[in-house]
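Student: Okay, here's what each chain looks like letter by letter:
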Amino acid sequence: MAVTPTAALVQTLNGIQFGFILFMIASGLTVILGILDVLNLAHGELFSLGAYTAIGVFGFIIGVIGPPGGGVVGTAVFILAVLAAVLVTAAILLPVGTLFEAVFLRQIYDRDQVYQLVLTFALLLILLDVKKFIWGDSSIRTDAVYSAINAIPTSELVGLNYPTYNVFVILVGSVVVVGLFWFFERTKTGRIIRATAIDREMATAIGVSTDRVFTLVFALGAFLAGFAGAVAVPPTSATLEMGTNPLVLSFVVIVIGGLGSLRGAFVGALLVGIIRSWMITLYPPGEIAAPFAIMALILLVKPEGLFGTWGETA
Amino acid sequence: MEQTTTDHDTGGIGRRKLLSAVGGSAVAAALAGCSTLLSDGEAADQGGQSGGEISDEPIQAGLLTFTRGAPGVLGIQAQRGAELAVQRINEAGGIGGQREIELDVVNEGSNPLDSYNQFIEEGKEVTFGPISSGTHSQIAPEVEKNEIINVSTDGTVTTLYEETVPDPTYSFRFQNYDIMEVVTMAREAVERIGADNISTVAGVNPGYSFGEDEMRVFTQAIQKLTDAEVVYEGFPELGASDMANHITSINNEEPDVTFSSLWGGDVTTFVRQANANDMFENTTVFGTTLYSAAGDVPGDALAGTDIYSGSRNYYWGLPAPGNWQPGRELFDAARQQDGVTVPTAHYMSGYGAVTAWATAVEKAIDLLGTYPTQEQIAQVLEGHGFFTPAGYHNIAEDHQGASNSFAGQMVYDDDLGAARLEDVNTYAATETAPPPGVTGSDWLDSWSA
Chain A
50 MAVTPTAALV QTLNGIQFGF ILFMIASGLT VILGILDVLN LAHGELFSLG
100 AYTAIGVFGF IIGVIGPPGG GVVGTAVFIL AVLAAVLVTA AILLPVGTLF
150 EAVFLRQIYD RDQVYQLVLT FALLLILLDV KKFIWGDSSI RTDAVYSAIN
200 AIPTSELVGL NYPTYNVFVI LVGSVVVVGL FWFFERTKTG RIIRATAIDR
250 EMATAIGVST DRVFTLVFAL GAFLAGFAGA VAVPPTSATL EMGTNPLVLS
300 FVVIVIGGLG SLRGAFVGAL LVGIIRSWMI TLYPPGEIAA PFAIMALILL
350 VKPEGLFGTW GETA
Chain B
542 MEQTTTDHDT GGIGRRKLLS AVGGSAVAAA LAGCSTLLSD GEAADQGGQS
592 GGEISDEPIQ AGLLTFTRGA PGVLGIQAQR GAELAVQRIN EAGGIGGQRE
642 IELDVVNEGS NPLDSYNQFI EEGKEVTFGP ISSGTHSQIA PEVEKNEIIN
692 VSTDGTVTTL YEETVPDPTY SFRFQNYDIM EVVTMAREAV ERIGADNIST
742 VAGVNPGYSF GEDEMRVFTQ AIQKLTDAEV VYEGFPELGA SDMANHITSI
792 NNEEPDVTFS SLWGGDVTTF VRQANANDMF ENTTVFGTTL YSAAGDVPGD
842 ALAGTDIYSG SRNYYWGLPA PGNWQPGREL FDAARQQDGV TVPTAHYMSG
892 YGAVTAWATA VEKAIDLLGT YPTQEQIAQV LEGHGFFTPA GYHNIAEDHQ
942 GASNSFAGQM VYDDDLGAAR LEDVNTYAAT ETAPPPGVTG SDWLDSWSA
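Protein chains in written order, with my numbering: chain A, 50 to 363; chain B, 542 to 990.
Bound conformation, chain A alone (with noise of 0.2 Å):
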């Protein structure tokens, strides 16, 4: 099949785009790895539960202000109601997060990790049942979303058959990226969260509470985990079992980016999207196997994955 430049900018377009879900998504995994050095498999079901809050909180929203309003003011405000639907979707996550840390994991920090994988994985189950009881089996949808913020046509003003909603996940995706850096980076939360990371005691010692610092991280990974699904929802539907691949693919990021580093999530996360994207054009039975493919050889050329344990830079 020959590949047109066109056409071959859209496919990279669309692989950045599932790259940025994917990081949003393996960045929650990879902070509360990195700081609370447990492995969250449940990760995958707040995410999941993001997207079923979102089309509730979607549905609210959108039915408050109204539908879609015509000009740039219309737009503009539908745009905004959506990006607090997904902030408050995000937020509803907040509590679920600092429950879970405070009332379960924090009893078997000091335990072997095998109890952290099993007390994670009861948590997934229960987070399936939970969705079942609230939303039922069928899948479920929220319509306005997707199709509004295609009818802005951004990429045709460069000439590109490309849809808007892509557009809209990778700006705010890059939001992500850069606000969850300066973060880390800039603020003093971050700066004593990444010594915490780096030396638990020694954080202790100058009077941090790691207790706390323990429940903002695992809340913030469920923040951004529901924050993942709220973007994710809207070209597709929320079902139960939708927690499942990007869980599996968000374990292949991290380990390539290296376990605990957030640079590395984000630089593994786009080399997957890219790269899974490209594979479904050029050889499709290879869409499954290339991430896992790219983690083996990297696992073997850098047994550490490409940035290393996340602390010193994030």
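Honestly, the hints are just simulated from the structure, not real lab data.
Positions of the beta carbon are idealized from the N, C-alpha and C atoms, including for glycine.
Any given hint could be a false lead.
[Claimed, not checked] Stretch by stretch, here's where chain A covers chain B in the computed footprint (C-beta under 8 Å, at least three residues):
#, stretch
1, 607-617
2, 770-784
3, 788-794
4, 804-810
[What the hints assert, rightly or not] A short, non-exhaustive set of chain B residues, derived as facing chain A with CB atoms under 7 Å:
#, residue
5, Gln-814
6, Ala-817
7, Asn-818
8, Asp-819
9, Pro-839
10, Asp-841
The hints should help you fit chain B onto chain A, whose structure is shown.
Tutor: Relative to chain A, chain B alone:
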């Protein structure tokens, strides 16, 4: 949609006459085939001719179907169809007028073979389902081993009775199978666009045996009907959230025809994302099971699309509900069920599979005067013809379902609140299915170019 019944519409089959023929029961009318197999209307009232020979123990039946997730869009339709058929049979007195059916439903999604074996261990006398061709390939050999009849609702892979279970005894399929619906869509593409206007073809099909089978058959059929070249084939996994890459590839190739056998929730994802990528400006889509998402796909996603979809062996618009009262009754009853916006072909999969088995058992009771064995029911099911509100069906001697199939443009009906087919063409089974004993591939090869 026609909402009223007139003498002209009924084509000479008056409601009173129809109900009289089946013992005055509107419920039984919907299972008209069941009653027409009896010697006369009285037999139904008497519970068959066997009297005390038939136990009054309920018949334990099991249904494997998808009850959740993206495949649930289709699987729940099959479940509701089967449930309504069972309800109507029970309200009419049960099988042989004495044996009601108790139907257990399990989700096909995880470990379907275990669920099937559980049914057998529980002593089920008949099983229905599954939906997935992959599941069907797993359970069909088990059905033969267990010697308990299974009438599948779907599981339509062409090779099932050609390679997996080449000489079946207890495994039957109610639904029109892959080659039939694919040939229907190949013929529909030529009918709508013209053979001379089809030179390039692309495909986006589910990434497992069903989707691969459908694309292979479509390629073979369309290349017999036209000189088309396949320029792209994509196989997203079931429940994929992102189909943008396949859509981009199609936009790159701008094929005259894009063939798709995506189904259930995947249809909605594909159509929404294809519309957002302006794919319908570059190609015309022909899909065997896109209409399975009739009650799920939103109106804005269908606006401006160019999709022709098949409907296996059922479309509620044909026979027109006004022409045959049972069709209208089924349509209205289906819409009152939870999770059914409009009944689709997969609703009829569930309804028809139960009806196929029930009418065969009734026929056997009528012939034998007692409740039949599994082997006797199997013998009756071979070549069994029967009616449902979707018209006349036949299970051929090779155990494949064979009925008319339908194809039309998929549009959104605001009044209905769901998608429907417009400008529908009907294709007879003789146009779309190989004769019994001939493999699909050999049959297609035999077509003259």
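Student: Of the numbered hints stated previously, which ones are contradicted by the structure, given in increasing order?
Tutor: Structure breaks no hint.
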